[in-house]
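Asks: Listed below are the residues making up each chain.
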Amino acid sequence: MGKYQLGEFEEIVMLTVAILHGEAYGIAIINEMESRLNRSVSIGSLQTVLRRLESKGYLDSKLGESTKVRGGKRKRFFSVTAQGKKAMSESKEQRMGLWNAIPSDFVLNDN
Amino acid sequence: MKSQTNISPPTLWLKFFRWFCRPEYAEDLEGDILERFDERLEKHSRSKAKRLFILDVLRLLRPGLVKKIEGNQSLNNYGMFKNYFKTARRNLLRQKTYSIIKIGGFALGIAVCLLISLFIKDEFSYDQHIPDKENLFMAVRGYNENGNIEKYTWFPSPYANAILEDYPEVIQSGKMIFSEGFGAGNANIRKASEVTNYYEDGFAFASQSIMEIFNYPMVYGDAKNALKEPNSIILTKRKADLLFPGVNPVGEVVVIDDNTEAPYMIGGVMEDLPANSTVKFNYLRSLEDYRFWDGEDKSWGSNNYQVFVKLLPNTNLNELIPKLKYIDEKYLLPEYLEAGYSDAEEAIETMSTSLLPIADLHLKSADIGDPFEKSDIKIVRIFGLIALFILGLACINFINLSTAKSANRAKEVGLRKTIGSTKKHLITQFLTESILYSLLSFALAIGISSLLLPYFNQLAAKSLYLPWSSYWFVPILALGSLLIGLIAGLYPAFYLSSFRPAAVLKGKLSMGSKSSKLRNSLVVFQFTASIILIIGTFVVSKQMQYILNKKVGFNKDQVILVQSPYLLGDNLEAFKNALRTIPEVKSTSYTNYLPISGANQNGNVWWNDGRTKIDASISGQNWIIDHEYIETLGMNLIDGRNFSRELRTDSAAMIINETMAKQLGIADSPLGQRITNRSSNRLIYTVIGVVEDFHFQSLTAPVGALAMRLGKNYVTASVKLNTNNLSATTAQIQHIWDEMAPGQPFIYEFLDQRFGNMYSETIRTRNILTSFSMLAVIIACLGLFGLSVFMVEQRGKEISVRRALGAKMSQIIQMLGMNFMKPIFLALLLAIPVAWYIMKGWLNGFEYNTGLSVSLFAFAGLTALSIALITISFQSIKAGLTNPVDGLRNE
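Which chain is which? The protein sequence lines are Z and D, in order.
Using my numbering, you'd call the opening residue of the first sequence number 1 and step up by one each time.
Using my numbering, you'd call the opening residue of the second sequence number 1001 and step up by one each time.
I should point out that these hints are in silico values taken from the structure, not numbers from a laboratory.
Check each hint, because a few of them may be wrong.
[To be verified] Not everything, but these chain Z residues come out facing chain D in the computed CB check (under 10 Å): (1) Gly26; (2) Asn31; (3) Ser35; (4) Val49; (5) Ser61; (6) Gly71; (7) Arg74.
[To be verified] So the derived list for chain Z, only partly shown, Cβ under 8 Å to chain D, looks like this: (8) Ile27; (9) Arg39; (10) Ser40; (11) Ile43; (12) Gly44; (13) Arg51; (14) Arg52; (15) Leu63; (16) Val69; (17) Lys75; (18) Arg76; (19) Ser79.
[What the hints assert, rightly or not] Over 12 Å on every C-beta distance to chain Z, these chain D residues come out as not near it, computed from the model: (20) Ser1008; (21) Pro1009; (22) Lys1048; (23) Ser1099; (24) Asn1161; (25) Gly1202; (26) Asn1259; (27) Glu1271; (28) Asp1370; (29) Ser1651; (30) Ile1763; (31) Ser1771; (32) Ser1810.
The beta carbon of each residue, even a glycine, is placed where N, CA and C say it ideally should be.
Start from the sequences, fold in the hints, and give me the full structure.
Replies: Printed below as a string of structure tokens:
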């Protein structure tokens, strides 16, 4: 633990980038998160996390081709690095470990 | 996704985003927010989309996304600044004379400014520490004398209580006494258990309420009742440590002036008063139940007390002050009428009472008579003006030297412009340079002022220090150096940066002569200011000399004043007789009624006998002297005779001065006239002699009426000497004293010194003025010297050619000198009327003054001219002496 520790929002961003595999740029990530998680995200908060994850080495980015929309500005596509994958799987293992540790007589859906 | 070409996002906000966003993120982030904006246009109204866009932009304002402060561009600027500093340093080192003059003059000016600022700050800090000072006032009595309101602060004993009882706005009131005649001032004090006296200063009387009004912090005892008991006394910490080192002395008994019948109990010890207190004392004797004579507590006839009051917060003074008049009508008028004064109603009519805020006491009460040592806002303003003057002179030097040397920098400017510097860059460069000079000057100035501070403190009788520990001091210095650097550098920066590169590089610029008009007018200004200061100094010195040497009507030389002869007890006459055996002692007189301030003086009203109800009274002194007084003080009896030991009737005899004889209308035949100072219970004196008028008050006032009678007063013994060895004679006197008053301190002063002390403030002003005008002249001369160095340098070739062609050295000097003397002559013409006007006003403050003479102005002008001439000729002679070959060799 600790070495690949991800925050909750960071983990969601990593997952979404992974889901969008190759198509992950700012607005696409936001739209994906909004539709899947019903959670509104501002560009500012997302971008800060993206840059942070990039500087930690979990994400990599490169600029795409120029298009006519978006005022002719290029998109920056993010992808998960090997180190990022390690962090994600470690995070998942921790979760699973916790899930598995729940006693069998614990009922999740109370109704 | 449909592109909405015709609707654009809020441009201003987009620009804002571009401005703050990190350049490496800007492109894709801008794309993102634009895409989102387009998306929203499809879903929402335009205004909502725009609103959300703004929100998006604002949410991007995060530390991770915003530009770093240093940015990319600063690297470039840093490089340029590095270059500016390097150039500045090289210039500084290359021209050492200029740099020294520039920085030295600047530093001197700033140091003087710093010292004066400290002085002014100290003056304004007086009494600001008093708690609740907004509501604390001193009562001031005004007497309307023919439209001229004379203001005094002495009130009758019951006044303090009356004002408290009759006016609900007054919540506390108290009274104090500082008059020497009542035992305040200097006195002997000792522990009741010991015999050795300490001769101490700073005794004052106060009622208990004073302690509460001023809220003095206590070391021992309780402020609420420290003076409550009659015959209790409060000591300041320093004095308590002197008498009772290291113990709590509350409850101990002390004896004042050897009066064992009324010993004093110590009621408390208070903290030492801050140095910037106007109401000062070391010992406070209680006024509770204290009467200087029977019935004094009910008497409205004599004014001896300072009255302090505390008002309700937010009291409207404009309403309260006119109402104070009723006190006089209620208490004073009946007393006057009862005494049968013929002019009682008019006398009351001319009186008024006002309240002076305690915070104004130090600086804004120059027109009010009171016992405190004060300053005057006028002096503070003059000093402030001088400080600005001197700073201005220093700035002018800086400007003059910078522009004069511009020729040397012209090529640099031309080159810089050619390779792409804009005017803005050059202005920045020269401002940087001048700020650098200013910083160096400030550093030097701090050094100079710390060196000068002890002398300045001595000069101004202050204890100032550089307040390094105050949080504001360093920032103010830094700000000051930046500001002054900017101000001084502004003109040179614009001037230098405006050179046209083509002209400069072709060598067409006429060397530094372009702004000689401006330089000359600045020199004129500098010397006008300096000459005004020189004349001012001369006039003040002459007036001082005049006062100190004026025939004052008594002989103040070789008189020593021995304090407290009452300590001799039964040996008073024996002491007098013993002194007579010393051949150098001419005579001895016991009395503290002396023609100097700080001695007993008083005010009485006088009539010719039998006319108290008919004539208006005249006011005059009523002094107690002894038989030897007139001889000892060398006064001149012009009519009648001195008191005689043989005639017992002399106990009701008077010797009056000429002024009194004139004012009573008995100048024709004064001898035998009967005069009185009481309208009831008759005390009538017969005039037996008239003395020539002598000055018994400061020479700023005319001589008043004065009457002297025989009596006993053993506070001071005046001893007239005729000796060549003052210290030996004094030692002889002390020897006799020690025999007759064993264990008692022998304290003596010289009359001429005490006389000089009366003018100590004027002398102090003179000394400060002299020092400052000297500094101003030095700074102005530094500038002139710099300019002459420059001029000789510029005309070096010309001088060499002239010399080679046979010009004499005297001709060279004359040629160069005339060039500089013109502005100085002009300055002289300008300065004389200004100085005349100012000094006329100052001299009018003295009743006896020397007046202004042509010779004085001529002398001052000559001084200024010769100083300037010496400054210039130094360089001119040097130029004349150089071998012409040296000047012509380099081409």
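Asks: Could you run down the list of hints and mark each one as holding or not?
Replies: Going through the hints against the structure:
1. Taken as an interface hint, glycine 26 of chain Z checks out: its beta carbon lies about 4 Å from the nearest beta carbon of chain D, inside 10 Å.
2. The closest approach between the C-beta of asparagine 31 of chain Z and any C-beta of chain D is roughly 8 Å, which is under the 10 Å cut-off, so the hint is satisfied.
3. Hint on serine 35 of chain Z is violated. Least Cβ distance to chain D is approximately 13 Å, over the 10 Å limit.
4. With a least beta-carbon distance of about 9 Å to chain D, the hint placing valine 49 of chain Z at the interface is held under the 10 Å criterion.
5. Using the Cβ-Cβ criterion of 10 Å, the hint placing serine 61 of chain Z at the interface with chain D is satisfied: the shortest such distance is roughly 9 Å.
6. The interface hint given for glycine 71 of chain Z holds, since its Cβ lies 5 Å from the closest Cβ of chain D, which is under the 10 Å cut-off.
7. Here the hint on arginine 74 of chain Z is kept, as its CB sits about 6 Å from the closest CB of chain D, short of 10 Å.
8. Satisfaction of the interface hint for isoleucine 27 of chain Z is found here, the shortest Cβ-Cβ separation to chain D being roughly 5 Å, below the 8 Å cut-off.
9. Because the beta carbon of arginine 39 of chain Z sits about 15 Å from the nearest beta carbon in chain D, more than 8 Å, this interface hint is broken.
10. The restraint placing serine 40 of chain Z at the interface with chain D is violated, with a minimum CB-CB distance near 11 Å, outside the 8 Å limit.
11. Because the smallest distance between the Cβ of isoleucine 43 of chain Z and any Cβ of chain D comes to about 5 Å, under 8 Å, the interface hint for this residue holds.
12. At about 3 Å, the closest approach between the beta carbon of glycine 44 of chain Z and any beta carbon in chain D falls short of 8 Å, and the interface hint on this residue holds.
13. The beta carbon of arginine 51 of chain Z is positioned within 8 Å of a beta carbon in chain D (closest approach about 5 Å), and the interface hint is therefore held.
14. Checking arginine 52 of chain Z against chain D by beta carbon gives a least distance of about 7 Å; that is within 8 Å, so the hint holds.
15. Interface restraint check: leucine 63 of chain Z against chain D, minimum CB-CB distance 7 Å, threshold 8 Å, status holds.
16. Residue-level restraint check for valine 69 of chain Z holds (minimum Cβ-Cβ distance to chain D is 5 Å; threshold 8 Å).
17. Checking lysine 75 of chain Z against chain D: minimum C-beta separation of about 6 Å stays under 8 Å; hint holds.
18. This hint holds: arginine 76 of chain Z has a C-beta 4 Å from the nearest C-beta of chain D, less than the 8 Å allowed.
19. Proximity of serine 79 of chain Z to chain D is violated relative to the hint, the smallest CB-CB distance being about 14 Å (cut-off 8 Å).
20. The beta carbon of serine 1008 of chain D sits about 9 Å from the closest Cβ of chain Z, which is not more than 12 Å, so the claim that it is off the interface is violated.
21. Once the 12 Å rule is applied to beta carbons, proline 1009 of chain D is inconsistent with being away from chain Z; the minimum gap is 9 Å.
22. Against the 12 Å criterion, lysine 1048 of chain D stays outside the reach of chain Z, whose nearest CB is about 15 Å from its own CB.
23. Every Cβ of chain Z is farther than 12 Å from the Cβ of serine 1099 of chain D; the closest lies at roughly 51 Å, confirming the non-interface assignment.
24. Here asparagine 1161 of chain D stays apart from chain Z, with its beta-carbon at least about 75 Å from theirs, past the 12 Å limit.
25. Residue placement check: glycine 1202 of chain D keeps its beta carbon more than 12 Å from all beta carbons of chain Z (closest about 71 Å).
26. At roughly 87 Å, the least C-beta separation between asparagine 1259 of chain D and chain Z is larger than 12 Å, which holds for a residue marked as non-interface.
27. With a closest Cβ-Cβ approach of about 59 Å to chain Z, glutamate 1271 of chain D is found to remain outside the 12 Å limit, as its non-interface label requires.
28. With a least CB separation of 70 Å from chain Z, aspartate 1370 of chain D remains clear of the 12 Å interface cut-off, as annotated.
29. For serine 1651 of chain D, the shortest C-beta to C-beta distance to chain Z comes to about 105 Å, beyond the 12 Å cut-off, and the non-interface label holds.
30. Non-interface call for isoleucine 1763 of chain D relative to chain Z: holds, since the shortest CB-CB distance, roughly 74 Å, exceeds 12 Å.
31. No beta-carbon of chain Z comes within 12 Å of the beta-carbon of serine 1771 of chain D; the shortest separation is about 65 Å.
32. Remark: the non-interface label on serine 1810 of chain D is consistent with the geometry, its nearest Cβ contact in chain Z lying 82 Å away (cut-off 12 Å).
The earlier numbered hints that this structure contradicts are 3, 9, 10, 19, 20, 21.
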